[in-house]
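Novice: Under numbering that gives the first Met the number 0, think of the first position of the sequence shown as 0, with each following residue one higher.
Simulated from the structure, these hints should not be mistaken for laboratory data.
All of these numbers come straight from a predicted model, not from anything done at the bench.
Be careful, since some hints might not be right.
Each pair of labels, with its calculated beta carbon distance range [said to hold, decoys possible]:
{"id": "1", "residue 1": "K106", "residue 2": "K45", "range": "17 to 25 angstroms"}
{"id": "2", "residue 1": "Y65", "residue 2": "D11", "range": "18 to 26 angstroms"}
{"id": "3", "residue 1": "D90", "residue 2": "I35", "range": "40 to 48 angstroms"}
{"id": "4", "residue 1": "K58", "residue 2": "I10", "range": "13 to 21 angstroms"}
Glycine is no exception: its CB is placed at the ideal position from the N, C-alpha and C atoms.
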Amino acid sequence: MRGQEHEFKNIDLLEAMKIVEMDEDWPLLHETIRGILDKYFDFFGKLYSLVDINLLRFKDLIYFYYYFELLVNIYKYKGKDFEPALNKYLDAYHFIGCKKCLSEYRKLPAEQRVELELAATGTPKKLEP
Numbered sequence: 000m001r002g003q004e005h006e007f008k009n010i011d012l013l014e015a016m017k018i019v020e021m022d023e024d025w026p027l028l029h030e031t032i033r034g035i036l037d038k039y040f041d042f043f044g045k046l047y048s049l050v051d052i053n054l055l056r057f058k059d060l061i062y063f064y065y066y067f068e069l070l071v072n073i074y075k076y077k078g079k080d081f082e083p084a085l086n087k088y089l090d091a092y093h094f095i096g097c098k099k100c101l102s103e104y105r106k107l108p109a110e111q112r113v114e115l116e117l118a119a120t121g122t123p124k125k126l127e128p
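Required output: the full structure, derived from the provided sequences and hints.
Specialist: Here is the structure:
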């Protein structure tokens, strides 16, 4: 899939997020999506580890609030089936640090969270510390 563009639908993302015993015989698109998700969620776990050992404060992760907002409110942006699929995926594959980032983000007052305008620009409305 390198160097090629692929359009995928919500159903492809949901299929790629299914929990299975053995990761084999996936269509190439779903295998690629899973690889991307794993790297994405692992990265947030690494960020949280820096918060956990006090090298960063959670508010230092403000640049990533956009992504935390997408995940915390995935049901709004992708549909109601995505929230349980995401939670199962994070639990099954032990993305604990990512879950902790999302938990910390949920605790923020509304005025510190990001308001998304995906239909208009795809960029966050506010990103001020």
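Novice: Indicate, hint by hint, whether the structure satisfies it.
Specialist: Results of checking the hints against the structure:
1. K106 x K45: 17 to 25 angstroms: At 20 angstroms between Cβs, range holds.
2. Y65 x D11: 18 to 26 angstroms: Holds, at about 23 angstroms.
3. D90 x I35: 40 to 48 angstroms: violated, 19 angstroms
4. K58 x I10: 13 to 21 angstroms: Given a distance of about 37 angstroms, which is not inside 13 to 21 angstroms, the answer is violated.
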